[in-house]
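**Q** Given next are the chains, with one letter for each unit.
Protein chains: 2
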Amino acid sequence: MAGLDDVLGAVDAGLDASLARLSDFLRIPSISTDPAYAAECRRAAEFAAATLTDLGLAAQVRDTAGHPVVVGRTDTGAPRRVLFYGHYDVQPVDPLELWDTPPFEPRITKGADGKTRIFARGACDDKGQVFTFLEALRALKSVTGKLPVDVTVLLEGEEECGSPSLPAFLAASADELKADVALVCDTGMWDPETPAITTSLRGILHTEFTITGADRDLHSGLFGGAARNPIHVLSRILAAVHDDNGRVTIPGFYDDVREMPQEVRDAWDALGLTAEAFLGPVGLSVSTGEKDRSLIEQIQSRPTFEVNGMYGGYTGQGSKTIIPSSATAKVSIRLVADQDPAKIAAALKEFVTARLPADCKVSFSKADGSRAVLVPPDSPDLAKAGKALAEEWGRTPVAIGSGGSIPIVGQFRNVLGMDTLLIGFGLDDDRVHSPNEKYDLNCFHKGTRSWVRILTALA
Amino acid sequence: MAGLDDVLGAVDAGLDASLARLSDFLRIPSISTDPAYAAECRRAAEFAAATLTDLGLAAQVRDTAGHPVVVGRTDTGAPRRVLFYGHYDVQPVDPLELWDTPPFEPRITKGADGKTRIFARGACDDKGQVFTFLEALRALKSVTGKLPVDVTVLLEGEEECGSPSLPAFLAASADELKADVALVCDTGMWDPETPAITTSLRGILHTEFTITGADRDLHSGLFGGAARNPIHVLSRILAAVHDDNGRVTIPGFYDDVREMPQEVRDAWDALGLTAEAFLGPVGLSVSTGEKDRSLIEQIQSRPTFEVNGMYGGYTGQGSKTIIPSSATAKVSIRLVADQDPAKIAAALKEFVTARLPADCKVSFSKADGSRAVLVPPDSPDLAKAGKALAEEWGRTPVAIGSGGSIPIVGQFRNVLGMDTLLIGFGLDDDRVHSPNEKYDLNCFHKGTRSWVRILTALA
Numbered sequence: 001m002a003g004l005d006d007v008l009g010a011v012d013a014g015l016d017a018s019l020a021r022l023s024d025f026l027r028i029p030s031i032s033t034d035p036a037y038a039a040e041c042r043r044a045a046e047f048a049a050a051t052l053t054d055l056g057l058a059a060q061v062r063d064t065a066g067h068p069v070v071v072g073r074t075d076t077g078a079p080r081r082v083l084f085y086g087h088y089d090v091q092p093v094d095p096l097e098l099w100d101t102p103p104f105e106p107r108i109t110k111g112a113d114g115k116t117r118i119f120a121r122g123a124c125d126d127k128g129q130v131f132t133f134l135e136a137l138r139a140l141k142s143v144t145g146k147l148p149v150d151v152t153v154l155l156e157g158e159e160e161c162g163s164p165s166l167p168a169f170l171a172a173s174a175d176e177l178k179a180d181v182a183l184v185c186d187t188g189m190w191d192p193e194t195p196a197i198t199t200s201l202r203g204i205l206h207t208e209f210t211i212t213g214a215d216r217d218l219h220s221g222l223f224g225g226a227a228r229n230p231i232h233v234l235s236r237i238l239a240a241v242h243d244d245n246g247r248v249t250i251p252g253f254y255d256d257v258r259e260m261p262q263e264v265r266d267a268w269d270a271l272g273l274t275a276e277a278f279l280g281p282v283g284l285s286v287s288t289g290e291k292d293r294s295l296i297e298q299i300q301s302r303p304t305f306e307v308n309g310m311y312g313g314y315t316g317q318g319s320k321t322i323i324p325s326s327a328t329a330k331v332s333i334r335l336v337a338d339q340d341p342a343k344i345a346a347a348l349k350e351f352v353t354a355r356l357p358a359d360c361k362v363s364f365s366k367a368d369g370s371r372a373v374l375v376p377p378d379s380p381d382l383a384k385a386g387k388a389l390a391e392e393w394g395r396t397p398v399a400i401g402s403g404g405s406i407p408i409v410g411q412f413r414n415v416l417g418m419d420t421l422l423i424g425f426g427l428d429d430d431r432v433h434s435p436n437e438k439y440d441l442n443c444f445h446k447g448t449r450s451w452v453r454i455l456t457a458l459a
Numbered sequence: 001m002a003g004l005d006d007v008l009g010a011v012d013a014g015l016d017a018s019l020a021r022l023s024d025f026l027r028i029p030s031i032s033t034d035p036a037y038a039a040e041c042r043r044a045a046e047f048a049a050a051t052l053t054d055l056g057l058a059a060q061v062r063d064t065a066g067h068p069v070v071v072g073r074t075d076t077g078a079p080r081r082v083l084f085y086g087h088y089d090v091q092p093v094d095p096l097e098l099w100d101t102p103p104f105e106p107r108i109t110k111g112a113d114g115k116t117r118i119f120a121r122g123a124c125d126d127k128g129q130v131f132t133f134l135e136a137l138r139a140l141k142s143v144t145g146k147l148p149v150d151v152t153v154l155l156e157g158e159e160e161c162g163s164p165s166l167p168a169f170l171a172a173s174a175d176e177l178k179a180d181v182a183l184v185c186d187t188g189m190w191d192p193e194t195p196a197i198t199t200s201l202r203g204i205l206h207t208e209f210t211i212t213g214a215d216r217d218l219h220s221g222l223f224g225g226a227a228r229n230p231i232h233v234l235s236r237i238l239a240a241v242h243d244d245n246g247r248v249t250i251p252g253f254y255d256d257v258r259e260m261p262q263e264v265r266d267a268w269d270a271l272g273l274t275a276e277a278f279l280g281p282v283g284l285s286v287s288t289g290e291k292d293r294s295l296i297e298q299i300q301s302r303p304t305f306e307v308n309g310m311y312g313g314y315t316g317q318g319s320k321t322i323i324p325s326s327a328t329a330k331v332s333i334r335l336v337a338d339q340d341p342a343k344i345a346a347a348l349k350e351f352v353t354a355r356l357p358a359d360c361k362v363s364f365s366k367a368d369g370s371r372a373v374l375v376p377p378d379s380p381d382l383a384k385a386g387k388a389l390a391e392e393w394g395r396t397p398v399a400i401g402s403g404g405s406i407p408i409v410g411q412f413r414n415v416l417g418m419d420t421l422l423i424g425f426g427l428d429d430d431r432v433h434s435p436n437e438k439y440d441l442n443c444f445h446k447g448t449r450s451w452v453r454i455l456t457a458l459a
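Protein chains in written order, with the UniProt record's numbering: chain D, 1 to 459; chain A, 1 to 459.
Calculated from the structure, these hints are not laboratory results.
Some clues are possibly wrong.
In this list, chains with the same sequence are indistinguishable; a pair is considered to hold if it fits within one copy or across any two.
As the list claims (entries may be wrong) - EDC-like, lysine to aspartate or glutamate: derived pairs with alpha carbons at most 16 Å apart:
| no. | residue 1 | residue 2 |
| --- | --- | --- |
| 1 | K141 | E193 |
| 2 | K349 | E208 |
| 3 | K446 | E193 |
| 4 | K343 | D256 |
| 5 | K361 | E350 |
| 6 | K320 | D368 |
| 7 | K343 | D368 |
| 8 | K320 | E208 |
| 9 | K146 | E40 |
Could you build all of it, start to finish, from the sequences and the hints given here?
**A** Here it is as structure tokens:
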């Protein structure tokens with residue numbers, strides 16, 4: 001009977017053919033945000049469905065209010081089933097003049113550093129990453145005649161424009177899409193040699209509030225020294241949100257935050273991420289986060305409060321001597337663990353209201369939020385995938401948290417009741433969403449091998 | 001020899017004729033800001049010059065880069081000379097449909113309250129006020145054959161559009177315009193029964209500063225919790241500017257502030273101005289000023305720090321999850337007494353810079369400022385004018401400070417070396433700059449009588 005090494009050998013032997021198939025996929029300009037490319041999006045969906053059929057899955061292109069969704073599945077009665085999610089749509093290519101070669105004519109070249117890369121829009125995000133999974137299925141099928149687990153593949157065509165049709169599709173197809181665990185290949189490695197599994201996503205709470213004072217803008221000469229200035233009030237409130245140690249002072253803010261297990265924190269500490277390394281590339285050098293937390297904790301497992309925008313009074317050229325009637329802050333709060341957006345929104349409201357001086361009112365926009373998503377650190381599937389990645393890369397994968405919300409993962413948890421393993425092979429320099437997007441051949445190749453190992457391990 | 005009562009009697013007897021002359025002046029639509037009315041501005045200047053000539057002054061219409069300036073003077077060898085300043089231009093009349101009668105067809109009517117008023121654009125600001133002075137000259141001249149002091153009258157035509165041509169004219173005509181004291185009739189009464197002399201004008205310092213953190217806007221999910229947020233930094237700095245007692249904490253801020261004499265403060269206290277009365281009409285009720293100062297002190301004789309505008313990050317609709325690269329505050333500081341704009345600008349710069357955390361930079365715009373103007377409380381001319389007003393109105397005039405800067409007054413002090421008495425008869429409800437501008441007949445009549453008394457007293 002054929003073993004794992006035979007399958008991995010098939011991946012190696014078939015690499016050129018895999019790249020040829022990926023290149024065909026990359027040639028389709030499936031730009032989802034531009035209605036002019038709607039037919040190309042459908043063509044990409046049909047290409048993906050044909051690929052799934054070729055792999056032995058029962059595949060369909062399903063219409064939605066927007067671009068279609070592709071669903072394919074095996075039903076071999078295997079004891080376990082995985083749901084793989086990815087997307088076939090890509091970002092626009094502007095500014096086109098900054099591309100070295102046309103974005104939809106894939107180019108494979110070896111760089112001065114000896115590394116081979118494939119350049120095209122979607123080379124990494126997400127066509128290349130999706131193909132690591134599909135080519136792993138192909139190798140498994142071709143060598144062993146079957147897959148170690150039953151597989152459902154879900155590919156959407158609106159990820160780059162906010163996935164407007166996906167929640168309704170997911171809710172309507174819940175039974176069909178249910179699996180033991182979800183797999184997403186749309187994230188990155190820790191570095192070119194070290195794989196990563198994204199095990200937590202911070203949730204988010206958006207809100208906006210406006211402090212109002214006088215019922216009109218006032219002349220600062222006539223009223224200055226007596227009339228309440230809402231910008232001053234807002235500044236005082238925002239200044240009170242963090243203490244000198246970077247901790248958020250809103251009562252109850254940390255109530256539902258969980259401490260990460262010691263072994264996770266030990267593993268993070270071992271990575272030795274420094275502020276210089278993380279912040280240096282954007283012109284900063286010192287972290288402003290909670291002083292008693294490591295940098296990785298600060299950006300991954302701790303909640304944050306950020307003012308994303310603020311305005312009040314005159315903001316044009318020159319000066320205008322007014323005491324403005326109002327001042328506004330747009331705020332986002334990153335949530336972790338069990339923090340409830342509604343509860344945190346209420347705590348913020350109380351915090352602000354308690355600090356309102358005489359003559360001021362505050363109005364809040366509707367708070368809009370989603371909870372954090374966390375793969376339980378003791379999840380057996382997480383351990384299996386981690387071991388499989390370690391075997392492929394020769395390094396223990398890093399369990400990373402992402403600050404960016406990926407709403408689909410929360411929906412998998414809440415609607416379909418399953419955890420998601422986010423495993424991807426992108427690199428920081430892949431220029432995703434930018435001109436000259438690329439995917440390293442090594443990432444594609446070892447990524448494909450990784451999925452062979454992971455699917456075998458999850459069985 | 002004719003006495004003061006004879007002159008006042010002439011004012012009374014000639015009131016209808018005075019109003020007829022003012023009405024002729026009001027019929028000229030001398031809107032300075034609209035080039036379409038340039039010829040009307042010149043016509044108003046010529047009307048004013050003819051009026052001055054009629055009063056026995058040597059008067060000329062002088063060209064400037066903009067609308068002309070009118071200068072008239074007597075040279076009788078009187079021991080003292082006053083310079084009277086006013087303006088012949090008026091504000092635009094939009095929205096025209098809100099006027100009860102056409103703005104340049106003066107209407108004199110008695111209201112339901114029994115008070116007679118003259119309605120027209122410029123009825124108060126400043127044609128009506130200028131005419132109180134000119135009609136006082138007329139009465140003095142007609143009864144006594146001469147004026148008690150030599151008089152220089154300076155009427156400009158660009159006051160409503162920022163007086164762009166006046167500084168150069170003043171500098172070039174300094175010798176000609178020099179006098180013992182300047183008189184300006186472009187301010188208001190304390191209330192309809194109580195006259196006022198504006199004896200101090202706060203100076204002003206405009207500046208703007210921007211706090212910069214990272215060299216680009218950052219994703220608040222990826223960097224939130226670690227990267228410095230310039231909005232937070234700016235909020236902390238602005239929150240530190242005032243202490244809990246409303247006092248500005250910038251070191252040295254109050255160094256050159258003078259205490260007003262006890263008698264001035266006693267007089268202010270006696271007025272009993274309450275926060276309810278002053279702030280109620282704009283929807284406020286409590287003063288935020290220095291707790292140990294009376295409301296009048298706060299708005300008249302104390303320096304203030306106000307943020308007129310603030311912005312940073314995303315300020316459009318909805319949300320954008322960024323940590324902005326920068327945040328900006330536009331600030332104006334009202335100056336009093338001997339405060340030096342350059343010194344205060346330097347103190348602010350040091351205050352902000354000292355509070356900059358790691359990784360932040362700050363850049364300041366060029367600070368632009370003018371010193372406060374103060375008529376010395378022990379000025380003999382101030383005392384004489386005050387006594388004259390008290391005799392006319394039966395009430396001691398209120399010495400008020402104005403927060404608004406009137407640059408011409410600073411120039412009279414700095415270029416011509418003389419103090420200015422700002423004495424006007426406008427009321428809060430005169431709708432200056434608005435539709436249905438009016439001037440109370442009582443203000444016009446007793447204003448004219450007031451100037452007769454003041455000019456006699458100043459001799």
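**Q** Hint by hint, note whether the structure agrees.
**A** How the hints compare with the structure:
no., hint, in the structure
1, K141 - E193, "neither (28 Å within a copy, 100 Å between copies)"
2, K349 - E208, "within (10 Å within a copy, 31 Å between copies)"
3, K446 - E193, "within (11 Å within a copy, 91 Å between copies)"
4, K343 - D256, "within (10 Å within a copy, 51 Å between copies)"
5, K361 - E350, "within (13 Å within a copy, 33 Å between copies)"
6, K320 - D368, "between (35 Å within a copy, 13 Å between copies)"
7, K343 - D368, "within (12 Å within a copy, 47 Å between copies)"
8, K320 - E208, "between (25 Å within a copy, 11 Å between copies)"
9, K146 - E40, "neither (32 Å within a copy, 95 Å between copies)"
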